[in-house]
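Order-wise, the sequence lines are chains A and B. Final position of the first sequence in numbering that gives the first Met the number 0 is 312; the numbers increase by one with none missing. Final position of the second sequence in numbering that gives the first Met the number 0 is 402; the numbers increase by one with none missing.
Read the hints as simulated data drawn from the structure, not as lab findings. Computed from a predicted model, the values in this text were never measured in an experiment. All residues carry an ideal CB built from backbone N, CA and C; glycine is no exception. Accuracy of the hints is not assured; some may be wrong.
To be verified - Only pairs whose alpha carbons sit at most 20 Å apart, straight line, appear in this in silico SDA-like list of lysine to any residue:
| # | chain 1 | residue 1 | chain 2 | residue 2 |
| --- | --- | --- | --- | --- |
| 1 | B | Lys132 | A | Leu297 |
| 2 | B | Lys133 | A | Ser151 |
| 3 | B | Lys133 | A | Leu297 |
| 4 | B | Lys133 | A | Ile47 |
| 5 | B | Lys133 | A | Lys260 |
| 6 | B | Lys132 | A | Asp154 |
| 7 | B | Lys133 | A | Phe261 |
| 8 | B | Lys132 | B | Asp176 |
| 9 | B | Lys133 | A | Val150 |
| 10 | B | Lys133 | A | Leu155 |
| 11 | A | Lys260 | A | Ser9 |
| 12 | B | Lys133 | A | Ser40 |
| 13 | B | Lys133 | A | Ser9 |
| 14 | B | Lys132 | A | Asn289 |
| 15 | B | Lys133 | A | Asp154 |
| 16 | A | Lys292 | B | Lys133 |
| 17 | B | Lys132 | A | Asn157 |
| 18 | B | Lys132 | A | Arg42 |
| 19 | B | Lys132 | A | Ser9 |
| 20 | B | Lys133 | A | Lys16 |
| 21 | B | Lys133 | A | Asn157 |
| 22 | B | Lys133 | A | Pro149 |
| 23 | A | Lys16 | A | Leu297 |
Stated by the list, open to error - In silico negatives: residues of chain B with every beta carbon more than 12 Å from chain A:
| # | residue |
| --- | --- |
| 24 | Leu107 |
| 25 | Asp219 |
| 26 | Glu223 |
| 27 | Pro268 |
| 28 | Gln335 |
| 29 | Ser401 |
As the list claims (entries may be wrong) - Covered stretches of chain A (in silico footprint by chain B; criterion: 3 or more residues with CB under 8 Å from a CB of chain B, positions within the stretch not fixed):
| # | segment |
| --- | --- |
| 30 | 125-138 |
| 31 | 252-261 |
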Amino acid sequence: MSEQKREKMSWQRTVLKVYPFVILAAVLLVFGILTGGSLFSSRNLENILDQSFQYLIGCMAALFIFAQGEQDFAMASNVALSAIAAAAVSQISVPLALVVALAVGLAIGCICGGMYAKLPIPVFFLTMCIGNVISGFLGPLTNYSSVRTPVSMLDLDNAILKLAVAVVFGVIIYILYNRTRYGKNSRAIGASSTVAKLSGINLSKYKFAAFVFTGLAAGIVAFFSICKSGGASKATGTMFHFNVMVAMALGGATTGGPKVKFICAIIGPLIISVLTLGMNLASVPVGMQNLLKGALFLCVMVLSDRLSKFDID
Amino acid sequence: MKKLLALLLALIMVLSLAACGQEGGGTQEPDNTEDPGTSEPDEGGDEGGDTGLVNFRMGYFDTGSQDGTSTPLRNNLVAAIESLGATGVPVQPAESTSDAYLDALDTLLSQDVDAVALPWVSFMYAGSPAAVKKCEDAGVYYGFYWGPAMEDLGEDTLSICQDSELFLGCFYQNETDAAYSAMETLHNYGCDQIGYIGLAASNEMQENSRDYGCQLAIEDFGMEILVEQRDTNVTLTAEGGATTVENFLTAYPEMDGLIIAGNTQFVMPGVHQAITAAGREDDFKVAAIDFPDDMATYAESGVLVYDSGGHVTGPVYLTILAANIMNGTPLAEGGQSYNQQYIKLTSSEEIMGWMEIEDEIVYNTDELLQCLQVNNPDFDLDAFVEMVESYSYSDIMERHHSE
Chain A
0 MSEQKREKMS WQRTVLKVYP FVILAAVLLV FGILTGGSLF SSRNLENILD QSFQYLIGCM
60 AALFIFAQGE QDFAMASNVA LSAIAAAAVS QISVPLALVV ALAVGLAIGC ICGGMYAKLP
120 IPVFFLTMCI GNVISGFLGP LTNYSSVRTP VSMLDLDNAI LKLAVAVVFG VIIYILYNRT
180 RYGKNSRAIG ASSTVAKLSG INLSKYKFAA FVFTGLAAGI VAFFSICKSG GASKATGTMF
240 HFNVMVAMAL GGATTGGPKV KFICAIIGPL IISVLTLGMN LASVPVGMQN LLKGALFLCV
300 MVLSDRLSKF DID
Chain B
0 MKKLLALLLA LIMVLSLAAC GQEGGGTQEP DNTEDPGTSE PDEGGDEGGD TGLVNFRMGY
60 FDTGSQDGTS TPLRNNLVAA IESLGATGVP VQPAESTSDA YLDALDTLLS QDVDAVALPW
120 VSFMYAGSPA AVKKCEDAGV YYGFYWGPAM EDLGEDTLSI CQDSELFLGC FYQNETDAAY
180 SAMETLHNYG CDQIGYIGLA ASNEMQENSR DYGCQLAIED FGMEILVEQR DTNVTLTAEG
240 GATTVENFLT AYPEMDGLII AGNTQFVMPG VHQAITAAGR EDDFKVAAID FPDDMATYAE
300 SGVLVYDSGG HVTGPVYLTI LAANIMNGTP LAEGGQSYNQ QYIKLTSSEE IMGWMEIEDE
360 IVYNTDELLQ CLQVNNPDFD LDAFVEMVES YSYSDIMERH HSE
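Looking at chain A on its own, in the form it has when it is part of the complex (with noise of 0.2 Å):
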């Protein structure tokens, strides 16, 4: 390769790695600016960390399905079934409905990933499909009515509380990600799946185990969901499969596969929060918010989708 092939590839590279702090440096600094730094206040600061929170879970367990280059697409309805359920259950007693929901959420976890390790279905197919036989089957359960909570459940809707179990939960998974074997095989599963299976990966451990880390984050999510609006109903968790998506491309994880880095599930949802945010409070007109959000997101697409043949190490 020539020296002048290999600068051009050294920049694209660059840029292809460092795009999602650019992004989120220049979303602080603009609305920074913009709201006369009310951003910063305290009272915003802890509005992006809560409002971060569900999908800085959901994309911290979704790294290692990522980087085995698959997704979740049941993980809304995971949320909404583990959020009714639990519910359900808070009025008998919080303690319970915390453990209901975390093991709803890892019974639906494990369903998935058992079905993902042992079918030779696309993920995409049978996640989407779990997805809508649960989602067809909250209605008839709620019997069309939200599941409401006791009022004494709002005041677990903490931010100190939340950004706990951010850092553990973000703690336990980096070192599994990045420190253990788990991680290393499951992003060589996302290279190529021959390989690995070749070199003596047990892929149906590592792709069972990686549906029980979304459906633990589905349980998480729940439960902090009900704590925050006091109830559930079918509609809870809708579109957070898709969020996650957005929030992992934005950190960085536009195609998943080895290359997915842990900070990818950092970055993005906290761009997306502080778009969301910096935008009401600039007072950037309605009708032009989601253009914005939308025009970002397709220049990441396009940026990334340029840049990847240049990613090669």
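Go by the hints and put chain B onto chain A.
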């Protein structure tokens, strides 16, 4: 490289904080605002320019949707805010979920609004206690529109609202009556074999009440609903409306009427197209709830014979209540239910007439200024209730077109 980027990011944040750091306050202050408002609503805001009225910050939700209900609601609210010397603070929820509306409410509250108009239907039963609690914790005046009467707010929400000094009230429509009147009008046009397009089956307030109204009419007039379409995958597009009507007419050629009890603005173009394509304009009538765009076209062809909508003034009334409080002349002690009527148009001719005034602001500046006790000492709670309950097509015609 990573360290460099982290440092760069930290530097930008610190510089932004240092250069621009200030607590609260919005950014784009309109001309009639001298100060970014106050975080102490009970102490009022600032004198609002040459009107002599107290300037306060009125928060509201704006989905950006442009349809026969959202657009006039926004236009009327903005006009009222400006007329009453207030500053409007809009926020756009990221999605149509209860959680997203609560996030948007947090954003509003962080901008030091003094009062906020809450679309109850967007928070629903589950989210309304959280919304109310957030407003109470922030010390912000709040009230609901597009909601139920107070007694149907739900026990948790009601327990917070009924003793609160911050609660402005609940503006609700009689959904049962709207659906009943739609069915009655169809019956009066000789249509008794009915198709139904509506909201997804639910036991929540709005859908349940409309279904109940239909059921009452069926019993009273001997009508029959032959088939229903409630799938929101279908009823949120014009194409879905067209397909639905085509299927209805194929399966039930005897069908002579259709009630659209929700998502009217989305399905109506397709519904109309399918009816005219089938050549059934003369013997197939449609009654709808919520005003779609381009109603004149549907009425002119004789297809649309009833529509109830125009429920766009709830936030205006909340702004009036808030403005009176901010100017030191509260109209009521605590919140209560206010029955804000739908505008009911019960013939194609009435619909055509309404279309001539649909873009009008319901209450002009002079009328709104007379709703403040500081300007008009005779304007009390009774006068306010009378104003709310008299809202109708004929009320607007009398006030603005009496000559």
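Hints versus structure:
About 38 Å separates the Cα atoms of B:Lys132 and A:Leu297, which puts this hinted pair outside 20 Å; it is violated. Between B:Lys133 and A:Ser151 the alpha-carbon distance is near 13 Å, which keeps this suggested pair within the 20 Å criterion. Among the hinted pairs, B:Lys133 with A:Leu297 is inconsistent with the structure: their alpha-carbon atoms are about 35 Å apart, more than 20 Å. Among the hinted pairs, B:Lys133 with A:Ile47 is consistent with the structure: their alpha-carbon atoms are about 16 Å apart, no more than 20 Å.
Between the alpha carbons of B:Lys133 and A:Lys260 the distance comes to roughly 37 Å, so the proposed pair goes past 20 Å and is violated. A distance of roughly 10 Å separates the Cα atoms of B:Lys132 and A:Asp154; the hinted pair therefore holds under the 20 Å criterion. Among the hinted pairs, B:Lys133 with A:Phe261 is inconsistent with the structure: their alpha-carbon atoms are about 34 Å apart, more than 20 Å. With a C-alpha separation of about 32 Å, the suggested pairing of B:Lys132 with B:Asp176 is violated against the 20 Å cut-off.
Restraint check for B:Lys133 and A:Val150: the C-alpha separation of about 12 Å stays at or below 20 Å, so the hint holds. Of the pairs offered as hints, the one joining B:Lys133 and A:Leu155 holds, with about 13 Å between alpha carbons and a cut-off of 20 Å not exceeded. Proposed proximity of A:Lys260 and A:Ser9 is supported: the alpha carbons are some 19 Å apart, at most 20 Å. As the CA atoms of B:Lys133 and A:Ser40 are separated by approximately 18 Å, the hinted pair is consistent with the 20 Å bound.
Using a Cα cut-off of 20 Å, the hinted pair B:Lys133 and A:Ser9 is violated, with the two alpha carbons roughly 50 Å apart. As the CA atoms of B:Lys132 and A:Asn289 are separated by approximately 29 Å, the hinted pair breaks the 20 Å bound. With a C-alpha separation of about 11 Å, the suggested pairing of B:Lys133 with A:Asp154 holds against the 20 Å cut-off. Taking the CA atoms of A:Lys292 and B:Lys133, the gap is near 28 Å; set against the 20 Å cutoff, the hint is violated.
At roughly 13 Å between alpha-carbon atoms, B:Lys132 and A:Asn157 fall within 20 Å of each other, so this suggested pair holds. The straight-line distance between the Cα atoms of B:Lys132 and A:Arg42 is roughly 16 Å, inside the 20 Å bound, and the hint therefore holds. Of the pairs offered as hints, the one joining B:Lys132 and A:Ser9 is violated, with about 53 Å between alpha carbons and a cut-off of 20 Å exceeded. A hinted pair counts as satisfied when its Cα atoms are at most 20 Å apart, and B:Lys133 with A:Lys16 does not qualify at roughly 40 Å.
Taken as a hint, the B:Lys133 and A:Asn157 pair is honoured in the structure, with Cα atoms around 12 Å apart against an allowance of 20 Å. In summary, the hint linking B:Lys133 to A:Pro149 is supported, as the alpha carbons are separated by about 16 Å, within the 20 Å threshold. Taking the CA atoms of A:Lys16 and A:Leu297, the gap is about 17 Å. The hint holds against a cut of 20 Å. With a least beta-carbon separation of about 8 Å from chain A, B:Leu107 fails to lie farther than 12 Å from that chain, contradicting its non-interface assignment.
Consistency note on B:Asp219: stated as away from chain A, and its beta-carbon is indeed over 12 Å from all of that chain's, at 26 Å minimum. Taking the minimum C-beta to C-beta distance to chain A, about 23 Å, the non-interface status of B:Glu223 holds against the 12 Å cut. The non-interface label for B:Pro268 is consistent with chain A: the shortest C-beta to C-beta separation is roughly 21 Å, beyond 12 Å. Listed as a non-interface residue, B:Gln335 keeps its Cβ farther than 12 Å from every Cβ of chain A; the least gap is roughly 22 Å.
With 12 Å as the threshold on Cβ separation, the claim that B:Ser401 sits away from chain A holds: the shortest Cβ distance comes to roughly 36 Å. Coverage of the segment 125-138 of chain A by chain B is violated. Counting CB-CB distances below 8 Å, 1 residues qualify, and the rule asks for three or more. Only residues whose beta carbon comes within less than 8 Å of a beta carbon in chain B count, and the segment 252-261 of chain A has 0; fewer than three means the coverage is violated.
Going through the hint list in order, the structure does not satisfy hints 1, 3, 5, 7, 8, 13, 14, 16, 19, 20, 24, 30, 31.
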